[in-house]
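Chemist: Protein sequences appear in the order of chains A and B. Per this note's numbering, the very first residue in the first sequence carries number 1; after that it's consecutive. Per this note's numbering, the very first residue in the second sequence carries number 1; after that it's consecutive.
One thing to keep in mind: the hints can contain errors.
[What the hints assert, rightly or not] No farther apart than 30 Å at their CA atoms in a straight line, the calculated lysine-lysine pairs in the DSBU-like style are these:
#	chain 1	residue 1	chain 2	residue 2
1	A	Lys13	B	Lys280
2	A	Lys285	B	Lys280
3	A	Lys277	B	Lys5
4	B	Lys254	B	Lys222
5	A	Lys277	A	Lys182
6	A	Lys71	A	Lys13
7	B	Lys49	A	Lys285
Since the hints were made in silico from the structure, they are not lab data.
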Amino acid sequence: MTEAVSLREAYGKTLVELGRENPDIVMLDADLCRSTMTQFFAGEFPERSFDCGIAEQNMIGIAAGLAAAGKIPFASTFAVFVPGRSYDQIRMSIAQPGLNVKLVTTHGGITVGEDGTSHQSVEDLVLITSFPGFTVIVPADAIETVQAVRAAAINCGPFYIRLPRPKLPLVYDRSYRFQLGKAVTLKQGGEATIIAIGVMVTAALEAAANLKRGGIDCRVLNMPTLKPIDKAAIIAATETGAIVTAEEHLEHGGLGSAVARVVARHHPVPIEFVAIKDTYAKSGKPGQLLERYGLTAKDIEQAVRTVLKKKGG
Amino acid sequence: MALPKRMNPSSVTSAAKHKAEVFSSSASLKEMEALARRIRRHIVTMIGKAGSGHPGGSLSAVEIVSTLYFRILKHKPQDPQWADRDRFILSKGHAAPLLYTVLAECGYFPVAELATLRQLDSRLQGHTDRNLTPGVEMSAGALGQGLSFAIGVALAGRLNAQSYHVYVLLGDGECNEGQVWEAAMAAAHFKVDNLTAIVDRNRLQLDGWCCEVMDSEPFAQKWRFFGWQVIEVNGHDFTQLGRAFSRARKIKGKPTVIIAHTTKGKGVSFMENNPDFHGKAPTAEEVEMALRELA
Ligand SMILES: Cc1ncc(C[n+]2csc(CCOP(=O)(O)OP(=O)(O)O)c2C)c(N)n1
Ligand SMILES: [Mg+2]
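Just chain B, with the same shape it has in the complex (with noise of 0.2 Å):
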């Protein structure tokens, strides 16, 4: 290993990029339901021809990251660094094709790039890796981890005066690391509300339903006893997922949590609430069956 290089104080924060746009998308509801649509067969069809991956909770989702990306986020596909970019953490990295695909659809990098998912020196790893893909703000796939680091990243933006708001989405497994309750604490008590976190609801971890294999109900209510507003939607409809945005955005002096109620394998007949589905990658035959579902 050379010898770390002294650190040049202008790499810290990125030169802007000045002709690089804030995104934005006038998209109506319809075409926010062909988007999702579109997303879902590029998910499939990716985790199809890598030949493993996780289906199930990267479609449970489209609609969460979807909105995110095209509805609320201030950001730049053309400049990944820019510093004032509100930040989405995706701590359940596992939905990797679902954020690469979002990424891809805004312009982040080629949509024929999501073809080489998983593959030997691909920029699109199994799990995130913030030092390769253009775009992604954090190297997951050990759950857990997200909120804390969202944390960081809201108080850095606090400490510098800064605007931007982090979203940070984790799955309902995930809520069983101590790590979480540990972040949901802190985030509380430093009274983050540049922070908005989404737990989608899916009722389905790996070894089966939630609530059997370790429960943590009363889920809302936890949140709540830790100091957290919570708003509760249906994380499938733009509609509701917009305006719990929009009013997280609003609320002072603490942080919020999205519970976003969802279908795990949503759009897919044989992959909705299938456990078998969180992280087996479909057949030809079953990636065939799917794009017809999803046409």
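Excised from the complex, chain A in its bound form (with noise of 0.2 Å):
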């Protein structure tokens, strides 16, 4: 496996870039800076830094205030106070105007570890892909998120990017290109298709290469912009004629229920869901806690055998 990365700190270095090139960058944060590493940011560009303390719900009106009047304001927290704590802020003072905010959250998903309950963020990316309009990216590693930071820095309107805590092992090189709205197809394969985001990823890819020992060639899709999602790969992926979803997140209304949605509408086939099935996560190592609530490679393998089963002759 290749070195472990910080998704946090590729966004902290990537904002601070993104300040020289532009000056009409703006950060915005809730007393979390040395958590989500805009402290880089505020350190070189302390004039157009606003550490607004903790108060999610004013930093979400603020930074719509500073879209509005022509600025390309990056609002960061933890993934769970934003959206979670600000969700009305978020609905009439960003997303109903389509105005042009950039949340970068980190912290999400259960890899969040000890702090435990109140720290990890399970519904986030159903919460947030309610919103009209919003792009919603979950980068895989710190490449992507490079990227993605970058795309959401010269793309109109309202994103929101995903980060988790702990550092990832590269699912890319260098040579990675990240398009905006579509799906990566990260191995090739005919007898099942695993979608993935975010630090599931990695997980598909191994389950992926133990299943092609055992004799079942799987396709491994990334799915790094959850919304829009890349209609055209979930509808080419039914080819294979079953489809598995991971995701560090609530099965509820997460990559699953929108993938779902697309195959239900255009060529149905049957779907398994490797998500956090509806209960809160509790204190542990982001490791055990993988396990303890069946997210890991194993966990995907077994879901991959179950939906085999289902597949039409």
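Make one complex out of these two single chains by using the hints.
Modeler: What follows is the structure, encoded as structure tokens:
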């Protein structure tokens, strides 16, 4: 496996570069600059940095106002507080008018670990994808993070980018070109398709390698843009006759739901969902939690075996 | 998910356990000071062992929380659900290690259990969980929610003509949250006088000094203008704290806030006033050093 690299740090450094390139980029945070890594930007551009204190709802409103007056605000905190704590502020101040605010959150999912339930964001994707007009990206590694953040900076409208706390192994090399709204085929295969995002992409590749040794050849897709989702790639995947989705989020309303909607409408095939089942997680080490809540390569392999049994002849 | 079950009236208020006694301590000032040092040793040790957690804001409120549990609150460690207990609500949920230690010292659960902090399947979660830990009143960790919750608990006591008093501990950074001021307004409006808020005024939040991150001065003035009785004390002085709590209980017709001036990381020289130890565990050597200072 390749080295593990911090996605948060990749974000923090990219934001500084963007700040140098474009004086309209401004930064907001809610007393978590040291954790979200917006501290780099604050260090270089103090006059364009607004630490709003522990007041997420107010931060969202200020970001919306900055955007309405022509700035390009990047607002960051933990994924559990934006969108969770500031849902209505996002709804009316950003989503409805379609303002150019970039929400980049860290500590997404349960790999937050020991801080426990209050800090583990397992509903942020269903909340944020519920807003009309939001572009939602869940990068799989640091290289994808850099390009996703750059895409948010040059494309109009509200964006949400969700990053994890732990460092992750690189999925891509420097030649990778992120394309907004496009799935990436990481491995070809004809018997089933695994569609994964974020932390689960590496697990999907591992599962596919293990299954291949057992004679099952899976396609693996990374779906970095969760919304708008790459319908064409999903419809193409139905040709494998079975789909497994994998995400670090509640089963309700995340990647699995989005994929299922496309599949059900265009070409129904059996789907299995690797996700957190209707429960809150607890304190523990990230690896222990992924195991406890069914988010490992083994769980994906099991899901592939299950879905293959349902596959039509 | 299973369908919800029909409410059982007897499960709303717990059946009194007859043997459980009201906690009482006759600890002298000297003994309280020894207790505070022991609590600090537990905090540093358990966070060190867990490898993560928030030492600074746990250490700053040791005297506040131990005064409450050992000298002020009417409570029964053997019957945490006792309907007439005074309530302590920890709004700054990241100080969970402090609350767990005080609860263990009172006998809510074995002191040995403190070593399981933040481990998989432990009852002692990184932030408080009211369904898991005996004596914990509120699931917290998302800042800014405890004062509203406390008002609800206090209003229920008034409706039921119960005599319990509600205490809630907030961080000074936490008071950045708009909800705190919505609650402050509501508590005065509803004349909730069976409620005492305490602010751990250690002047630090996560990113640095409160006055640099989000200046909230004049802080006491804000509470006064919101209709609160304000008492300011040295938050490490047991005598001042005890007196303030007694006075607060006598003030009628409005809520009281005790602004407790404290030092973040109190008791461990290299953690005092050091923002790095807001949310970072000490290494094994640092734990050793801290324990020597707290001997
Ligand atoms: C709503 C919310 N936003 C952000 C955080 C992250 N966070 C945890 S502790 C903390 C700083 C708290 O400062 P303060 O209230 O002064 O606590 P103390 O100094 O007593 O530790 C922050 C920003 C949080 N837990 N909840
Ligand atoms: Mg503070």
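Chemist: Tell me if the straight-line CA distance from Lys13(A) to Lys280(B) falls inside 30 Å.
Modeler: 23 Å, holds
Chemist: Is Lys285(A) within 30 Å of Lys280(B), Cα to Cα?
Modeler: 16 Å, holds
Chemist: Straight-line Cα separation of Lys277(A) and Lys182(A) no greater than 30 Å?
Modeler: Cα-Cα ~27 Å, so holds.
Chemist: Need the status of pair Lys49(B), Lys285(A): alpha-carbon distance at most 30 Å?
Modeler: The given pair, whose Cα atoms are some 13 Å apart, holds under the 30 Å limit.
Chemist: Does Lys13(A) sit within 30 Å of Lys71(A), going by the straight-line distance between their CA atoms?
Modeler: Since the Cα atoms of Lys71(A) and Lys13(A) sit roughly 20 Å apart, the hinted pair holds (cutoff 30 Å).
Chemist: Between the alpha carbons of Lys277(A) and Lys5(B), is the straight-line distance 30 Å or under?
Modeler: 21 Å, holds
Chemist: Check whether the Cα positions of Lys254(B) and Lys222(B) lie no farther apart than 30 Å.
Modeler: 15 Å, holds
The structure is consistent with each of the numbered hints, conforming to all of them.
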